[in-house]
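Residues 1 to 239 (full-length UniProt numbering) make up the sequence shown, in order.
By construction, these hints were calculated from the structure, which means they are not laboratory data.
Just so you know, not all the hints are guaranteed correct.
[To be verified] The list that follows gives simulated cross-link-like pairs (lysine-lysine, DSS-like), each with its CA atoms no further than 25 Å apart: (1) 112 <-> 75; (2) 201 <-> 45; (3) 112 <-> 45; (4) 201 <-> 154; (5) 45 <-> 75; (6) 112 <-> 201; (7) 138 <-> 201; (8) 207 <-> 138; (9) 154 <-> 45; (10) 112 <-> 138; (11) 201 <-> 153.
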Amino acid sequence: MRFGLFLCMFFSLALFSAVILPGQAQAAYSWSRTLQVGDQGSDVKELQIRVAGFAADWPSNSYVDADGVFGEQTKAAVVRFQRAYGLTADGVVGPQTEQALNNLEDSDHSTKHFDWNEFYSQDGSQFSGGMVDAATVKENVRRMMWKLEALRKKAGDQPVIINSGYRSVSHNTAVSGSADQSQHQYGIAADVAVVGQSASKVSTLAKTCGFSGIIIHDDFVHLDNRIEYNYGATFWWWE
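Kindly produce the complete structure, drawing on both the sequences and the hints.
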């Protein structure tokens, strides 16, 4: 009887330990190899998402294409990331660079300086009710976070304030002056301000981060990734 009780307790504990509870820390991305020019695969695509904010050294209509192919464009973005974080800037993604990238990832797969709830639709629908499904919105927001991490770094590690992230269709309709086809409804846009920086300065920095939509307002800047998605606007728009 006691042995049976022991077995029951043992398997119950084993099952409990195997379940990831809400809010429990999860493992960071598992890099299985050193990455360099010529490599292809899902790990290359993940790398491209994470260094996308280092698209250029100066304002440029360019972005890092997350196509899973490690070419010269990806190498250049890696070099810029490595320089920004004090690493050997050789464009080769080895253990030190991979660790630096993982240091910017939070346990819930958001990024170090941004939380999912900062990007929730302000009508309470979180990532639902948009022009694409909630899972797609969340992935689009994740990509936005990585670009904003780069913007934050380039702004001297000053906090980036999210004034508006994703918007459900109903919430977008309620926002005065919003466009019917607003990029916010796909999770590919954010209105931001950077502590201690003018909107004009933020715009200039954003033009090196691969954002294809940039609109300056009095106290914030609209940023979006319109050119990278087949449901986004198909043209660059920089004010």
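Results for each hint:
1. For the suggested pair residue 112 and residue 75, the alpha carbons sit about 23 Å apart, so the restraint of at most 25 Å is met.
2. As the CA atoms of residue 201 and residue 45 are separated by approximately 30 Å, the hinted pair breaks the 25 Å bound.
3. As the CA atoms of residue 112 and residue 45 are separated by approximately 20 Å, the hinted pair is consistent with the 25 Å bound.
4. Note on residue 201 and residue 154: the hinted pairing holds, with a Cα-Cα distance of about 11 Å set against a maximum of 25 Å.
5. Annotation: proposed proximity of residue 45 to residue 75 holds, straight-line Cα distance about 13 Å (limit 25 Å).
6. With a C-alpha separation of about 23 Å, the suggested pair residue 112 and residue 201 falls inside the 25 Å cut-off, and the hint holds.
7. With a CA separation close to 28 Å, the supplied pair residue 138 and residue 201 exceeds the 25 Å bound.
8. Distance check on the hinted pair: residue 207 and residue 138 sit about 24 Å apart at the alpha-carbon level, within 25 Å; holds.
9. The suggested pairing of residue 154 with residue 45 holds, with an alpha-carbon distance near 23 Å, which does not exceed 25 Å.
10. Distance hint between residue 112 and residue 138 is fulfilled; the C-alpha atoms sit about 16 Å from each other, no more than 25 Å.
11. The suggested pairing of residue 201 with residue 153 holds, with an alpha-carbon distance near 14 Å, which does not exceed 25 Å.
Hints 2, 7 from the list above are not met by this structure, while the remaining hints are.
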